[in-house]
Each structure stands twice: as C-alpha cells, then as structure tokens.
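**Student:** What follows is the residue order along each chain.
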Amino acid sequence: MISIPRILFVFFLLAASGVPAAAESGRTPVPAPAKAAKGEQCVEPVADMRRNHMQYLEHERDETMHKGIRGRKHSLKTCVECHAVPTPAAGGAKTIEPFCGECHQYAAVSLDCFQCHTGSPGGGTAAIPAGGPKR
Amino acid sequence: MSDKDAMELTRRRLLQGAAAAVLTLAPGVTLLVGVETSARPAGTAVTAKNRWGLLVDLTKTADLGETVVAACRAENGWTGHNRPASDPQWIRTVTLKDPKTGGTKSLPLMCQHCAHPPCVDVCPTGASFKRADGIVLVDRHICIGCRYCMMACPFGVRFFVHEEVTGQKPHMPRGKGTVEGCTLCVHRIDEGKKPACVEAAAAKAPGAMIFGDLNDPNSEIAKAVGRQVVLRLRGELGLDQGVLYKGFA
Numbered sequence: 001m002i003s004i005p006r007i008l009f010v011f012f013l014l015a016a017s018g019v020p021a022a023a024e025s026g027r028t029p030v031p032a033p034a035k036a037a038k039g040e041q042c043v044e045p046v047a048d049m050r051r052n053h054m055q056y057l058e059h060e061r062d063e064t065m066h067k068g069i070r071g072r073k074h075s076l077k078t079c080v081e082c083h084a085v086p087t088p089a090a091g092g093a094k095t096i097e098p099f100c101g102e103c104h105q106y107a108a109v110s111l112d113c114f115q116c117h118t119g120s121p122g123g124g125t126a127a128i129p130a131g132g133p134k135r
Numbered sequence: 001m002s003d004k005d006a007m008e009l010t011r012r013r014l015l016q017g018a019a020a021a022v023l024t025l026a027p028g029v030t031l032l033v034g035v036e037t038s039a040r041p042a043g044t045a046v047t048a049k050n051r052w053g054l055l056v057d058l059t060k061t062a063d064l065g066e067t068v069v070a071a072c073r074a075e076n077g078w079t080g081h082n083r084p085a086s087d088p089q090w091i092r093t094v095t096l097k098d099p100k101t102g103g104t105k106s107l108p109l110m111c112q113h114c115a116h117p118p119c120v121d122v123c124p125t126g127a128s129f130k131r132a133d134g135i136v137l138v139d140r141h142i143c144i145g146c147r148y149c150m151m152a153c154p155f156g157v158r159f160f161v162h163e164e165v166t167g168q169k170p171h172m173p174r175g176k177g178t179v180e181g182c183t184l185c186v187h188r189i190d191e192g193k194k195p196a197c198v199e200a201a202a203a204k205a206p207g208a209m210i211f212g213d214l215n216d217p218n219s220e221i222a223k224a225v226g227r228q229v230v231l232r233l234r235g236e237l238g239l240d241q242g243v244l245y246k247g248f249a
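As given, the protein sequences belong to chains A and B, one line each in that order.
For what it's worth, the numbering used here labels the leading residue of the first sequence as 1, then goes sequentially.
For what it's worth, the numbering used here labels the leading residue of the second sequence as 1, then goes sequentially.
Mixed in with the good hints there might be a few duds.
With a cut-off of at most 30 Å between alpha-carbon atoms, the simulated DSS-like pairs for lysine-lysine come out as follows [stated by the list, open to error]: (1) B:K169 <-> A:K38; (2) B:K176 <-> A:K67; (3) B:K246 <-> B:K105.
These are calculated hints, taken from the structure and not from any lab test.
With the sequences and hints as input, model every part of the structure.
**Tutor:** Have a look at this one:
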C-alpha cells in the first residue's frame, strides 16, 4: 500500500465497522419547520426553495430596492404572509420564527433578515427575531 | 441517484448552499449599474422619465402643525426614545424667524431628494443612492452605518438607528446600525399613490403640499412650479432638490 488518501481510509474503517452514514441513519435529529399557515403551493417546489431561497430573495431584493421592481413572486413579505404561525415565544402572535428558525438553527446559519424586516404579517407589535444562533 | 435524492436536503448540502450565498454577496453589489428606460407597468424598473417632486406652499403650512409628522410616523413606523438629539425625524417642522422683522414661517423639512445628493457622493458602499426617478434612498442591506451621509447632508435629514427595532411595518424595514430618512414613501409611489404626508396635508390644508412628476408638463406640480418663484433650500449649493418651497414672502 503506497498512499491511500486518508479520507478513503476512514471510509474503509466505517464500512468495515458497519456504521451507516449519519444522514441515512434516522438517529440524526432533522429540522421540522412549521407548516405554512395557508398550506397551499409554495412559489417554487419545496426542495428548490430549501436549496435556493436565499438566491431568490437576494436577487429580487436588489431589483426592488434599486430599480423599484415590485410584485415579483419571491418576496420576503409574501414568505411571511404564508409562513407566519402562532409563536409561543412571541406571546402567541403570528411570526415566521418557527418556520425559518428551525433550519437556520440546525445549520448554524445566522439569519439577519428579521433584524430589520418584520417577521409578522401586517407588522405586528413585537415580532421576535427569526432563528439563527444568538451572538 | 434520483432527482428526488439530488434535491433532498441534508445538513451538509444546506451548509454548502449557505457558503455559496455568501460568495455571491460581493459581486451582487456591482450588478445594479444601468437601468433600462421604458414606460412603467407593474414589474418594470423605474426610469429617469419621471422626476418625483414635492412643492410646499409656506403660506398654507401654518395650519399643518404636526399633522404631516404624525402621518409619516404612522405610515413608516419610526419612533424615538424621547432623546431629541438622536431620535429619528424623517420629517419635522422647522420654524424660521427673521430676527429683524420678527416674522416667522413654519415649514416641514424632510429629505430634499436632491438631483445631486451629497449623501450619495460620500457613501463608501453605494448604500446611499438615487433611484432613476430621483428618489434618494438608503439600501440598508449594504449600509455599514458609517454616517458619512449624515455629515454630508446640508439639511440634517438622515438619522442613525442606535437601538434594536421591533414592530416594523412590512413595507418599511428598519434596523439597528443603519442610516435612514424620508423615502418619499417610495412604496406608495410604486403603487401609484401619493406620499403619506401629502395625503394628510391635503385633508388639513388643501394645496399646502403638492406631489407629482416634475418632468411631466401636465402634472399639477409642474404647472404650479412653472408659474411660481420657488425656493430650493440652500440654493447656493446647486443640489437641484425635488422638494421645493414657495411663499416665503
């Protein structure tokens, strides 16, 4: 054996010991974002949204901000309108925290949208910040 | 691997996706140059065909009082902490007094939406910018809170948000660490409506504030400006504001 890369070596060990990959094991906790309040079809397929929502939002935010193009289908405001659900931490007010926060905390990706944007449809009084690790 | 598997979200993929999103942030800033020109049905970009302006008639503003300020607060959701030195005042009532004659005038003062805005000249990130239709805005997504624009503005109508904000309006995000000011109710203009202060003024003192397109010779404001001597505050600076005043005499 001249030089097997270390990662392959680890893989051999895992395979030999019968340890399954973590994602398929069922033992790993997975995020369970809250169901949309309206429960209708999202603007894109769910898998696509999970993967690409940040690109959609960022692209259209710039076009709205600088070019004044409004009413496009990927808008943070419309996310909030469908996905805000009653949130115990906000005193039962509807916020998007149970939806966004679930995955963002799981993946430790900080979520800054709701430092400025309201996470409640119609503005609300005390929208709590949606997810992300506390710094 | 089936398509479903390909899209199945794993922790690893989510992290990879997040990394890609961060990488695209920097080039995204430069993508905004160049705005095409066309008429403006829904879903199209603003153009320089329009130049939004506001004409304030100082002979009628005495009746306005704090009406317009209250309307702006209610529309845009800005509030203070009872600290006059640092609280935001997207619009405020200023009283001018001539010390020789003792005469006074009160006028509503807000972002003047200059054609040559000093706040845009000094902004190091491009967050302070002028939209093609003449509205001067802060893109808080790229504002770093340096406050150069506040120093550059001759009218003192930019404000820094010092503390965390809650309860924002859905159409008007506000947040700590960024600079803000009058947007000329850009969200209303994009819907074809008039700014909140203008609507409030129309109810209280008709004709005190006229809003419209300065580039359209048939608009109410263009006609009014056309036959009046109008004043641009600090006219010696040559900023060519969109907010005009008349009736000083």
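**Student:** If a hint holds in the structure, say so; if it doesn't, say that too.
**Tutor:** Here's how the hints hold up against the structure:
1. B:K169 <-> A:K38: 21 Å, holds
2. B:K176 <-> A:K67: 24 Å, holds
3. B:K246 <-> B:K105: 11 Å, holds
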